[in-house]
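A.B. asks: Below, each chain spelled out in residue letters.
There are 6 protein chains.
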Amino acid sequence: MKIAAFGEIMMRLTPPEYLMLEQTKELRLDFTGTGVNILSNLAHFGCQTSLLTNLPDNRLGEAAKASVRQLGIQDRWIGVSGDHIGSYFAEMGFGPRPTQVTYQNRRNSSFGVSGASSYDFDAFLAEVDLVHICGISLSLTEETRESAFMLAEKAHSLGKKVCFDFNFRPSLNEEHGVSFMKEQYEKMLPYCDLVFGSQRDLTDLLGMQLDKTLNASKQFEALVQRFMTKYQIEHFAGTIRQGEGSKHYLTGFLFDSENYVQAVPKEIINLDRIGAGDGYAAGVLLGVSEAWSLSETVEFATANGVLAHTIQGDVPLTTRKQVRHIMEQPTVDLIR
Amino acid sequence: MKIAAFGEIMMRLTPPEYLMLEQTKELRLDFTGTGVNILSNLAHFGCQTSLLTNLPDNRLGEAAKASVRQLGIQDRWIGVSGDHIGSYFAEMGFGPRPTQVTYQNRRNSSFGVSGASSYDFDAFLAEVDLVHICGISLSLTEETRESAFMLAEKAHSLGKKVCFDFNFRPSLNEEHGVSFMKEQYEKMLPYCDLVFGSQRDLTDLLGMQLDKTLNASKQFEALVQRFMTKYQIEHFAGTIRQGEGSKHYLTGFLFDSENYVQAVPKEIINLDRIGAGDGYAAGVLLGVSEAWSLSETVEFATANGVLAHTIQGDVPLTTRKQVRHIMEQPTVDLIR
Amino acid sequence: MKIAAFGEIMMRLTPPEYLMLEQTKELRLDFTGTGVNILSNLAHFGCQTSLLTNLPDNRLGEAAKASVRQLGIQDRWIGVSGDHIGSYFAEMGFGPRPTQVTYQNRRNSSFGVSGASSYDFDAFLAEVDLVHICGISLSLTEETRESAFMLAEKAHSLGKKVCFDFNFRPSLNEEHGVSFMKEQYEKMLPYCDLVFGSQRDLTDLLGMQLDKTLNASKQFEALVQRFMTKYQIEHFAGTIRQGEGSKHYLTGFLFDSENYVQAVPKEIINLDRIGAGDGYAAGVLLGVSEAWSLSETVEFATANGVLAHTIQGDVPLTTRKQVRHIMEQPTVDLIR
Amino acid sequence: MKIAAFGEIMMRLTPPEYLMLEQTKELRLDFTGTGVNILSNLAHFGCQTSLLTNLPDNRLGEAAKASVRQLGIQDRWIGVSGDHIGSYFAEMGFGPRPTQVTYQNRRNSSFGVSGASSYDFDAFLAEVDLVHICGISLSLTEETRESAFMLAEKAHSLGKKVCFDFNFRPSLNEEHGVSFMKEQYEKMLPYCDLVFGSQRDLTDLLGMQLDKTLNASKQFEALVQRFMTKYQIEHFAGTIRQGEGSKHYLTGFLFDSENYVQAVPKEIINLDRIGAGDGYAAGVLLGVSEAWSLSETVEFATANGVLAHTIQGDVPLTTRKQVRHIMEQPTVDLIR
Amino acid sequence: MKIAAFGEIMMRLTPPEYLMLEQTKELRLDFTGTGVNILSNLAHFGCQTSLLTNLPDNRLGEAAKASVRQLGIQDRWIGVSGDHIGSYFAEMGFGPRPTQVTYQNRRNSSFGVSGASSYDFDAFLAEVDLVHICGISLSLTEETRESAFMLAEKAHSLGKKVCFDFNFRPSLNEEHGVSFMKEQYEKMLPYCDLVFGSQRDLTDLLGMQLDKTLNASKQFEALVQRFMTKYQIEHFAGTIRQGEGSKHYLTGFLFDSENYVQAVPKEIINLDRIGAGDGYAAGVLLGVSEAWSLSETVEFATANGVLAHTIQGDVPLTTRKQVRHIMEQPTVDLIR
Amino acid sequence: MKIAAFGEIMMRLTPPEYLMLEQTKELRLDFTGTGVNILSNLAHFGCQTSLLTNLPDNRLGEAAKASVRQLGIQDRWIGVSGDHIGSYFAEMGFGPRPTQVTYQNRRNSSFGVSGASSYDFDAFLAEVDLVHICGISLSLTEETRESAFMLAEKAHSLGKKVCFDFNFRPSLNEEHGVSFMKEQYEKMLPYCDLVFGSQRDLTDLLGMQLDKTLNASKQFEALVQRFMTKYQIEHFAGTIRQGEGSKHYLTGFLFDSENYVQAVPKEIINLDRIGAGDGYAAGVLLGVSEAWSLSETVEFATANGVLAHTIQGDVPLTTRKQVRHIMEQPTVDLIR
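Protein chains in written order, with the numbering used here: chain A, 189 to 524; chain B, 189 to 524; chain C, 189 to 524; chain D, 189 to 524; chain E, 189 to 524; chain F, 189 to 524.
Worth double-checking, as some hints may not be accurate.
A pair holds if it fits inside one copy or across any two, identical chains being indistinguishable in the list.
Below are the EDC-like pairs computed for lysine to aspartate or glutamate, each with C-alpha atoms no more than 20 Å apart in a straight line [said to hold, decoys possible]: (1) Lys-509 - Glu-478; (2) Lys-509 - Glu-484; (3) Lys-213 - Glu-250; (4) Lys-509 - Glu-250; (5) Lys-406 - Asp-389; (6) Lys-348 - Glu-422; (7) Lys-342 - Glu-422; (8) Lys-435 - Glu-455; (9) Lys-509 - Asp-245; (10) Lys-342 - Asp-308.
Derived by calculation from the structure, the hints in this document are not laboratory data.
Kindly produce the complete structure, drawing on both the sequences and the hints.
C.D. replies: Spelled out as structure tokens, the structure:
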């Protein structure tokens with residue numbers, strides 16, 4: 189299956205060795221973004237992947253493309269527009285100190301200023317079976333909203349699978365209120381086949397209600413099933429994080445039209461606190477695109493999410509072999 | 189409140205990535221010292237701070253001043269004298285391997301050779317509300333003892349608050365015995381308002397006795413109260429470390445003339461095993477200088493001490509916002 | 189003399205060891221900008237300096253302020269506004285390969301979005317004898333133009349010295365044509381006492397004519413004198429670069445109302461190709477503020493400009509002692 | 189034109205900052221090789237490129253492929269075989285100290301053990317217009333000789349252009365004598381259209397004679413013309429290095445069936461002393477494949493070779509814009 | 189006691205900060221190998237040590253010797269032969285992600301191609317009391333097997349102690365089956381006095397049977413005693429790893445002809461997952477060579493093995509003082 | 189010939205990439221000192237070398253010894269005393285910016301506090317043919333003077349060759365005047381066979397007069413000959429630096445009892461401006477100890493001095509092969 193994504197390439201700048209920004213002049217530069225992360229992981233799983241986006245026509249744009257290629261993603265649909273790449277600084281946390289992300293201007297990025305006319309959606313879609321669209325597009329600018337809607341609509345009408353990721357960040361939506369954002373998501377969802385989200389996305393953003401008459405453990409299940417029926421979603425997936433003392437666990441869930449499965453919780457040991465969600469998503473996309481059973485899919489995807497936390501940076505670089513290794517031989521900590 | 193400190197600026201040289209000295213030629217250079225650490229943290233809390241010390245009139249002295257300014261401390265009371273900065277090498281421990289500190293010559297440092305005539309105490313004190321004096325001054329050289337006593341006496345007589353930190357290190361006092369050091373501390377304490385120390389400082393150094401007729405849990409409290417009464421100390425504070433299996437916990441305590449509070453123990457996860465004491469002291473100085481309740485003060489100061497262990501180097505760089513964050517949302521490990 | 193500047197703090201991101209962006213993930217982060225560069229150098233010369241600007245209220249803003257303090261510049265007039273710091277990437281050239289600078293978005297920076305109402309000019313000017321304004325302000329945004337004009341006007345009317353730097357970059361002025369920019373410069377110049385610029389600024393931007401009837405060597409002199417008379421400028425200064433085979437030379441010039449001097453050309457050996465202009469300007473400001481002779485000033489300033497090229501980064505960190513050393517003992521290449 | 193190469197991917201391990209191996213534990217790892225270098229440069233010129241080779245099926249092989257993709261080269265013809273990648277250590281020279289290359293085992297590399305049956309030459313050639321074969325293949329192993337011959341023969345018979353690079357290294361041919369090597373080259377040359385070499389390759393290796401009756405300046409020209417006629421070569425190209433005092437110059441030459449041109453010598457300023465030959469070859473391949481004039485080609489290729497010496501590592505990463513820049517504006521050393 | 193070893197010097201190349209090979213171009217180079225590791229540790233314990241091996245006569249060979257000297261090992265028995273040093277890349281694991289070792293060609297290394305005639309065993313043995321031979325020699329090449337056998341035989345006949353380490357790696361023995369390897373080990377064991385191995389070495393490789401009629405806890409003991417009797421082994425030692433939840437423990441065991449002791453399990457906290465076995469072996473060799481009690485020896489050796497996991501790289505650099513410190517004061521995590 | 193030295197081991201701390209101390213927190217640590225430098229170079233030439241000195245009994249002392257061993261020097265005569273190692277910071281110059289050395293306290297170093305009773309000179313000398321004593325010993329402390337005199341006297345009386353290096357630094361002798369220092373040198377010289385120095389040492393320090401009646405070119409020669417006769421010196425050697433425009437040249441000279449030779453000046457291209465003197469001295473010691481002709485010796489030693497400037501750090505690491513390479517093939521800048 190040829191998998192593509194539409195989304196922003198950002199720069200992540202990270203001080204080394206858990207230092208804070210005041211403590212060092214050295215930074216590590218990685219190119220990242222939800223689309224980059226998911227596609228790179230799928231490429232490492234052996235899929236053919238391609239990213240649709242725009243970058244500036246300068247040295248930074250070229251460096252970004254080189255990095256994307258290195259990650260295994262085709263760069264032929266990366267166009268040229270604008271003169272800025274959005275960036276964020278990640279001061280990596282340690283123990284009780286949280287990882288602190290500081291965003292720089294994203295709205296004026298090459299991606300942010302690119303409307304639908306900047307892309308050749310038809311040619312792009314002709315080469316694609318499934319396209320992933322990140323919800324950030326709905327928050328960023330009028331241009332990214334327009335582009336996301338047109339891409340989703342065209343893909344849907346051409347019978348391509350559309351995968352959508354809620355990824356709702358209040359910090360990016362201070363300008364527009366929740367009701368504006370709700371409208372945007374409601375406009376997008378009818379085009380979508382596979383959706384990543386959480387209970388909070390359905391209740392707080394879309395305004396759906398939990399059925400309190402149900403047994404507590406069934407409320408979430410029923411809510412999701414109503415949501416999937418309403419928008420004719422084929423799969424809905426996401427992760428839950430739980431803490432127990434100073435230990436943290438990750439559990440993935442996955443719904444299809446009839447069933448609901450949840451993975452065995454797996455302990456999280458963090459090298460980098462960013463990126464597990466995209467790792468989980470890549471795992472689900474692999475399982476769904478290869479028609480694995482739901483439970484095989486969530487177990488693989490959860491293991492992959494946990495591995496993503498052990499890798500520096502947002503981009504999960506795991507192979508099938510590595511994921512299967514920690515599923516099958518979790519106690520082997522040295523391979524030679 | 190304008191807070192100042194009198195103390196030594198030292199160089200800390202640390203190999204990267206937990207390497208031992210034999211394993212690398214790379215070192216990280218930080219300027220540190222109890223005064224630097226506490227003032228830098230108070231500056232990050234928004235206080236106006238100033239350090240009284242001497243440095244050599246050379247490139248190293250200039251670099252040290254630049255670093256102190258960067259940390260938010262005013263450098264206008266840093267004078268010029270001598271030709272040497274004391275240093276120590278910190279081989280950072282990991283798991284059961286302890287952090288190993290190796291000191292180089294301190295007695296011949298610019299600070300060590302500077303007697304009272306090297307400083308303009310009156311002008312300095314005119315700009316200060318509270319001055320912190322580190323007990324190391326009493327151990328280092330005849331000159332630093334002389335300077336510390338004169339500064340404390342003048343500050344006291346001018347009605348400035350004097351904060352003193354026992355910081356008794358047997359390794360710096362092999363030349364003089366305990367009885368000599370006891371005399372020095374007894375000479376200093378009458379000038380002091382706020383003192384940092386431990387039970388052992390009162391019993392082993394000052395030779396005070398625990399009242400064994402008391403309930404065990406009251407013996408320490410009674411001891412401190414006798415100590416505070418004897419020297420007319422307004423606040424006495426310190427930390428206790430406890431281990432439980434492979435976990436370690438930090439608890440701060442704080443006495444005023446009438447009450448005694450102890451914080452809820454907080455788990456320590458170490459990035460750097462040096463610096464929590466100064467983080468705790470900065471927290472207490474903030475609370476006391478802003479007249480917080482004792483319990484508000486110890487909880488904040490203990491959280492700050494725990495955060496200090498998650499920061500590379502001796503210098504705590506926490507802001508109020510960061511400390512409050514881990515007090516209020518301890519499970520959030522990623523902020524964006 | 190208390191010297192201040194009004195200008196932008198930018199981030200410079202530089203790959204190590206002459207690598208190109210594609211070749212490394214490591215970057216060195218420096219905070220820079222014309223104001224930062226000149227003031228830092230003056231602070232290293234022993235002057236009291238202060239920067240008027242705005243930064244975002246986040247971790248990057250704090251890191252920028254810490255860096256500015258380290259350089260010796262007071263940070264009390266650095267306000268909070270916006271949420272972005274402009275940045276540029278510098279791929280350092282080697283031999284025939286030019287240094288390549290790639291700018292990221294500057295117009296949306298905290299400085300770019302700050303109009304006159306963001307600053308308390310009166311309070312600021314009360315503490316200042318001379319203020320430096322960088323011409324970039326006239327190119328950047330409507331807000332920076334407005335702020336620059338109001339500051340210059342107020343400073344002028346209060347009898348403070350105003351120093352202005354043409355710094356005209358066509359790349360920042362693609363939107364507005366030359367005639368628009370000419371108007372802006374003409375509006376600014378009447379407030380100015382000391383101006384940095386080049387012959388091209390006077391002819392191509394202001395549209396002044398060389399008097400071809402004059403001896404070629406007098407044309408530039410006469411042009412500048414007309415310019416100075418027209419706008420009642422006290423000093424006009426700048427640098428000329430000349431190549432001779434593979435060698436390059438720097439020469440500073442300086443006019444006062446009556447005289448014109450030019451320095452002995454000094455060979456440039458580049459560690460970093462950015463920053464000599466600001467080094468030259470700092471040298472001139474020092475000489476003028478201390479009323480040195482014109483020729484003493486240009487020789488010192490030219491030597492300082494040459495030294496700036498031997499220092500990594502834009503920020504000249506030279507002391508008077510270092511500049512005098514290479515003026516007096518140019519063949520001594522090791523000091524101990 | 190679709191350009192491909194057949195050749196080895198090697199690891200280059202380089203200590204930083206001109207250090208010698210004894211002086212550091214840090215190394216920079218680059219993947220390199222004549223094919224990688226030429227194709228990467230052509231990809232930066234905008235050509236579609238592809239490498240035919242084999243790598244081990246392990247983590248190093250994956251990392252090598254990722255690096256090749258980053259450089260802009262398609263990795264779909266990189267197969268899996270063997271378990272070793274050849275490597276060399278480059279201690280970078282400075283001034284009179286030469287760069288010292290130390291090779292590790294190459295004969296047992298994945299490439300070295302791969303015979304003709306390891307590759308699908310027909311499928312590969314179907315996608316290619318011109319294929320570059322490095323002469324190292326003739327020296328390395330029986331398997332690489334066999335593969336190179338079969339590829340050249342098939343390409344030639346299919347009417348694809350074959351480009352061959354003498355690249356004769358005595359150090360790789362201690363086992364076999366010159367007469368054995370001569371046979372190999374004579375077997376290869378009839379398949380070739382474009383050949384890179386030197387006068388010494390024709391005289392010392394192939395045993396051809398200079399015609400001493402000719403004017404000295406014509407001897408080389410006549411020799412090459414005889415060589416080209418004998419093997420029906422369309423283009424012959426190479427570089428000459430000349431020293432003049434402590435300055436070094438690079439000059440490229442290029443023959444077609446009728447003409448001979450030589451570039452204006454350009455001064456070499458070395459950041460890295462390895463890689464100019466491949467930069468020159470990439471320039472020639474670009475000119476020839478786009479049917480530029482001989483003189484346009486050699487000037488561009490020589491400038492590119494000179495630029496290659498200003499870039500860390502063997503791989504030239506220059507764009508057309510950069511090469512044209514130093515051809516047209518050689519004195520501009522800072523672009524912004 | 190003068191302790192020597194016969195074995196390979198390898199290069200270990202490790203990306204920094206837990207990065208994977210695709211994520212960085214930076215590597216750390218260490219020279220390692222079982223013999224290097226054990227001797228270096230013994231040298232840090234104060235023993236006189238010497239390594240018998242061969243290296244190439246080039247810059248890498250010189251760098252390897254310099255590194256060995258730095259570790260405290262005499263280099264006078266390191267000869268010159270071949271032109272290759274075996275290497276491996278270690279991608280360091282984190283949490284559930286295992287450390288991944290990728291070997292490069294070892295069979296063609298200088299050590300691998302050196303047969304018995306390359307060494308002067310008699311002169312070497314004249315200076316030695318005990319010689320350690322690593323079992324890898326039996327797997328590597330015909331030459332290393334021949335050398336190991338001759339050295340062991342000569343040492344045994346001269347009355348020197350021979351220490352042998354099973355170190356059986358299936359990955360190095362794909363070519364030869366288990367029965368071939370069994371023969372080799374059986375040929376070696378009669379020369380040995382002290383052997384390091386595991387139950388699996390005795391059962392799976394040598395084909396010995398557990399006596400299932402015994403109490404489970406006695407089966408291993410009885411097996412080892414039969415093994416020791418059969419080959420007249422004086423000491424047999426090894427380690428057992430156990431997991432309990434996410435915690436791991438190391439326990440050493442040691443047999444002499446009459447007794448069997450096992451250490452108290454110690455928790456493992458990994459900085460580096462490679463090297464504890466060699467640390468344990470060095471501890472046992474120290475105890476045995478100084479005639480400590482069995483239990484003193486295993487406790488020291490186990491503590492040393494645990495410490496080895498807290499040190500970057502394979503080479504344990506612990507001193508007696510450090511080992512005793514964590515045995516006696518396990519809760520002190522900062523020494524100054 | 190077994191060559192030994194008596195002298196201090198110092199730490200050199202150097203910022204990377206020509207940065208100044210204010211610009212970085214990273215430092216490179218090297219152990220250095222005249223004795224270390226000369227012996228290391230002789231060890232690389234194949235001589236057996238040994239250093240007599242004292243170091244503290246701590247982690248730094250151990251790291252220093254490890255480094256000395258790595259350089260090829262035996263550490264068995266390095267004793268334990270004191271608790272401090274002298275250090276200096278080297279901010280590396282570039283172009284017109286001079287290298288700036290800043291010393292930290294040396295007088296209180298382990299070497300500085302070690303008097304004659306700290307060493308077993310007899311046992312040491314029994315293993316030595318020639319001993320090098322650095323003149324710094326005469327400046328440092330009473331203890332180092334006493335040690336140097338006793339060692340020189342004993343060596344001389346035992347018929348060992350004594351090599352002495354003036355190395356007179358006014359900065360280390362501010363306390364004692366020139367006449368005091370003159371006495372010390374006059375006391376040392378009668379024990380010496382081979383002396384390194386300059387004309388200025390003989391005139392300004394020893395107060396000898398140039399014979400102005402001689403032809404200018406003969407004055408130096410006659411002066412040295414008088415000096416050598418007076419103290420019965422066998423060889424006198426040193427270097428002269430000359431500038432010609434921006435180029436610098438190094439020339440070595442060497443006297444024996446009858447002849448005087450001077451090398452052909454060689455251009456200096458500096459990677460590091462410290463260490464050429466020790467490189468020259470090592471070359472002379474090699475030639476003299478192997479009884480080369482004077483001119484062979486000065487050419488080799490001068491080439492070695494020039495190479496020393498191309499190596500990072502003070503310690504020359506050149507081999508005979510490398511020195512001969514640049515003498516015989518100065519234009520080959522790449523060896524493979």
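A.B. asks: Quick check: which numbered hints come out false for this structure?
C.D. replies: none
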